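There are 2 protein chains.
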Amino acid sequence: MSILVVGSVALDSVETPFGNRKDILGGSATFFSLAASFFSKVDIVAVVGEDFPRRYVKLLKDNGVGTLGLSVNKGKTFRWKGRYDYDLNTAHTISTHLNVFKDFDPRVPKDLSRPEFLFLANIDPDLQYKVLSQVKRPKLVACDSMNYWINTKRRSLEKLLGGIDILLLNDAEARQLSGESNLIKAASSVISFGPKAVVIKRGEHGVLYFSSKAHFVAPAYLLETIYDPTGAGDTFAGGMVGYLSRVGSINEAAIRKSIIYGSIMASFTVEDFSVNRLLKISRKDIKDRFDHYRKITSF
Amino acid sequence: MSILVVGSVALDSVETPFGNRKDILGGSATFFSLAASFFSKVDIVAVVGEDFPRRYVKLLKDNGVGTLGLSVNKGKTFRWKGRYDYDLNTAHTISTHLNVFKDFDPRVPKDLSRPEFLFLANIDPDLQYKVLSQVKRPKLVACDSMNYWINTKRRSLEKLLGGIDILLLNDAEARQLSGESNLIKAASSVISFGPKAVVIKRGEHGVLYFSSKAHFVAPAYLLETIYDPTGAGDTFAGGMVGYLSRVGSINEAAIRKSIIYGSIMASFTVEDFSVNRLLKISRKDIKDRFDHYRKITSF
Numbered sequence: 217m218s219i220l221v222v223g224s225v226a227l228d229s230v231e232t233p234f235g236n237r238k239d240i241l242g243g244s245a246t247f248f249s250l251a252a253s254f255f256s257k258v259d260i261v262a263v264v265g266e267d268f269p270r271r272y273v274k275l276l277k278d279n280g281v282g283t284l285g286l287s288v289n290k291g292k293t294f295r296w297k298g299r300y301d302y303d304l305n306t307a308h309t310i311s312t313h314l315n316v317f318k319d320f321d322p323r324v325p326k327d328l329s330r331p332e333f334l335f336l337a338n339i340d341p342d343l344q345y346k347v348l349s350q351v352k353r354p355k356l357v358a359c360d361s362m363n364y365w366i367n368t369k370r371r372s373l374e375k376l377l378g379g380i381d382i383l384l385l386n387d388a389e390a391r392q393l394s395g396e397s398n399l400i401k402a403a404s405s406v407i408s409f410g411p412k413a414v415v416i417k418r419g420e421h422g423v424l425y426f427s428s429k430a431h432f433v434a435p436a437y438l439l440e441t442i443y444d445p446t447g448a449g450d451t452f453a454g455g456m457v458g459y460l461s462r463v464g465s466i467n468e469a470a471i472r473k474s475i476i477y478g479s480i481m482a483s484f485t486v487e488d489f490s491v492n493r494l495l496k497i498s499r500k501d502i503k504d505r506f507d508h509y510r511k512i513t514s515f
Numbered sequence: 217m218s219i220l221v222v223g224s225v226a227l228d229s230v231e232t233p234f235g236n237r238k239d240i241l242g243g244s245a246t247f248f249s250l251a252a253s254f255f256s257k258v259d260i261v262a263v264v265g266e267d268f269p270r271r272y273v274k275l276l277k278d279n280g281v282g283t284l285g286l287s288v289n290k291g292k293t294f295r296w297k298g299r300y301d302y303d304l305n306t307a308h309t310i311s312t313h314l315n316v317f318k319d320f321d322p323r324v325p326k327d328l329s330r331p332e333f334l335f336l337a338n339i340d341p342d343l344q345y346k347v348l349s350q351v352k353r354p355k356l357v358a359c360d361s362m363n364y365w366i367n368t369k370r371r372s373l374e375k376l377l378g379g380i381d382i383l384l385l386n387d388a389e390a391r392q393l394s395g396e397s398n399l400i401k402a403a404s405s406v407i408s409f410g411p412k413a414v415v416i417k418r419g420e421h422g423v424l425y426f427s428s429k430a431h432f433v434a435p436a437y438l439l440e441t442i443y444d445p446t447g448a449g450d451t452f453a454g455g456m457v458g459y460l461s462r463v464g465s466i467n468e469a470a471i472r473k474s475i476i477y478g479s480i481m482a483s484f485t486v487e488d489f490s491v492n493r494l495l496k497i498s499r500k501d502i503k504d505r506f507d508h509y510r511k512i513t514s515f
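Protein chains in written order, with the working numbering: chain B, 217 to 515; chain S, 217 to 515.
Simulated from the structure, these hints should not be mistaken for lab results. Quantities reported herein were computed from a predicted structural model and do not represent experimental measurements. Certain hints may be false.
Covered by chain B, per the in silico footprint, the following chain S stretches (three or more residues, Cβ under 8 Å) [unchecked claim]: (1) 368 to 378; (2) 390 to 402; (3) 464 to 476.
Each residue gets a CB set at the ideal place from its N, CA and C atoms; glycine is no exception.
All chains, full assembly: derive it from the sequences and hints.
Okay, here's the thing in C-alpha cells:
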C-alpha cells in the first residue's frame, strides 16, 4: 500500500547536554517518511528553499522516499533552532524561521492523489484540510496538531477533525483541546469531535490509544542513552502508519502492533541527532527491538 | 505463607481538590497489610498511641491483619497532614507529628519471628536493620525507603541494602541514591549495593523492575477518577508481596505478575480516601481488574 505525508522538511539546529548540531536534516515529513519507509512505499508533499542541500534530497530518495511532491521554492528552507535541558522532555525553541514554509500551499501531484494512507503532519489545520480535499478519500487519515493551532485555529481544527480517522497529540494538547485533565475523559471528548481514535503521546512514559470501544496502554521502550528527542513524535507516527500500511488492514490488533512499532522506531530516532540512527538500522534491528519490547512487557 | 510488615500506623489528615478528611486511618503498615490480606496471612509490627481509635484496630483484625505486634504506647498516635494539588502526583506535607513513633523501637514478638516474607516499610534504616536481625532469614525481604534517609542515613541504608532482596523506590529516590539520571543506569547502580532487584515506582506512569538479569516495564492501570493518592506505594508493595506469598515461589514470572497485582491494588486505593476502597472490594474485583489490565496492555 502507499502512504502520503504532508508536513515540513527543515534544517534544525539543536543543542542538547550531549552536543550541538547546526543545520541538520529535520522536519515532520522527514522523520515520518524515513520511519515509514521501512514498512511501505511513502511519498512526501513539502517545500524547501534553494539552499536545501541536494545531498538531503538524495538521502530521502536513496531511502525509498518519493520526492515528486517536494517543491523547491525561491528563498530559504524552514529553520528551527531549539535546546533541550537534562531531562530531555521539553524542547525549548530558540528561534523559528518559516522562510519558504510561510507561503506553503501544498499541492498534491496528480500521481499521488490516491494514497491509501495519509498522514497530515503538524501544520496549519486549514492546509491540512486543503490536502485532504485534494485526494481520493484514503483508507486511513491520521493527523497531528499542536497547542499553537488549538489556541489560534480551533474552529479550523474542529472542522478537520470531522474528516480524519486518528488524531495524534501529546498529553498536554489532549487536555487543552478537551478541557479535561483526566486523559480517559480527554480522549473521549476528543473523539466526540469526529476522529475514530486518538493516540496520546507521553514521551518517555509511552503512548495511550483510545477508540470509542477500547483503550490500549503502551509504555515506551526503555533506553540507556537519549541524545536528541527531536522528531520522536513524527517518527512514531511514521512507524505506526507505516506498519498499518504494510499489513493493509486496520483492525484493533493491527493498530496495537502499529503503536508498538511506532514506539520502537521513535526509540531509535532519539539515540542520535537528526535522522542519523534511522539511517543506520536494518529491518532486523527493528524486529529484534520489537521482540525485546514484547519480552520486557509480557507477564 | 506468612508475611510480616514493620512500618507506621497513623492518623492522616488529607486535603485534595476533591475534599478534605481529618484523622483518617493511614500509615505504611496499614495500607500494606490490608492490600496483602487479600492474598496471604499478614501480621504487623507497629506502634500507636492511647488515642488510637479501637475501631481501627478492629478493622485491621476483621480484615485478617494480625495485630499481635501492634503496641499501644503512652502518648499520641503518629499524625501526618498533607495536601495534593490538581495533578495529584506530589504530596505536600503540611505537618508531621511523630508522637509515639519518635521512640519506636520495633520488637518482633517471638511468635512472629519466622515470617516467610518480610516487608520493611519506609522507616529509619537502623530500625529496619534491627527488625531484620530479629527474624529468621525470610524467603524474601523487601524494603522501602525515601529521600530523607538517603540524605541523612546513607551509611545505615547501604548496610541494610546488603541484607535485602528487593528495594522499592520512586524514580527521584532511585536517581538520588545512585547519582544516575538514567533509570537503567540508576537501577544497575542500586543493585550494586546488594539487593537482587529494584522496583522503581513512577506513580501514574507505572513501575519499572530491574534485576541483574532482566527488566520489566508495567504501565499503571488507567483511572477515570483519582481521589487521594496517599498509600498508593505501600498498597502496591502489599499487593506485590502478598501475591508472591500466595504463590510461594519467587521466579521471574511470579515477580512480574506480582507487580501487576501491586499496581491493581494501588489503583483501588487511590479511588477513595484512606483505605475505604480496599474495604469495599472483593477478590473478584481484583481478578476482574487484573484481567482488564491484561486486555488493555496486550498486543
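Status of each hint after checking the structure:
For the segment 368 to 378 of chain S, the proposed coverage by chain B is not satisfied: 0 residues have a C-beta within less than 8 Å of a C-beta in that chain, short of the threshold of three. Closer than 8 Å: that is the beta-carbon criterion, and the segment 390 to 402 of chain S has 5 residues meeting it against chain B, so the requirement of 3 holds. Taking a C-beta to C-beta cut-off of 8 Å, the segment 464 to 476 of chain S contributes 5 residues in contact with chain B, enough for the three needed, and the coverage statement holds.
Violation of the numbered hints given earlier is confined to hint 1; every other hint is satisfied by the structure.
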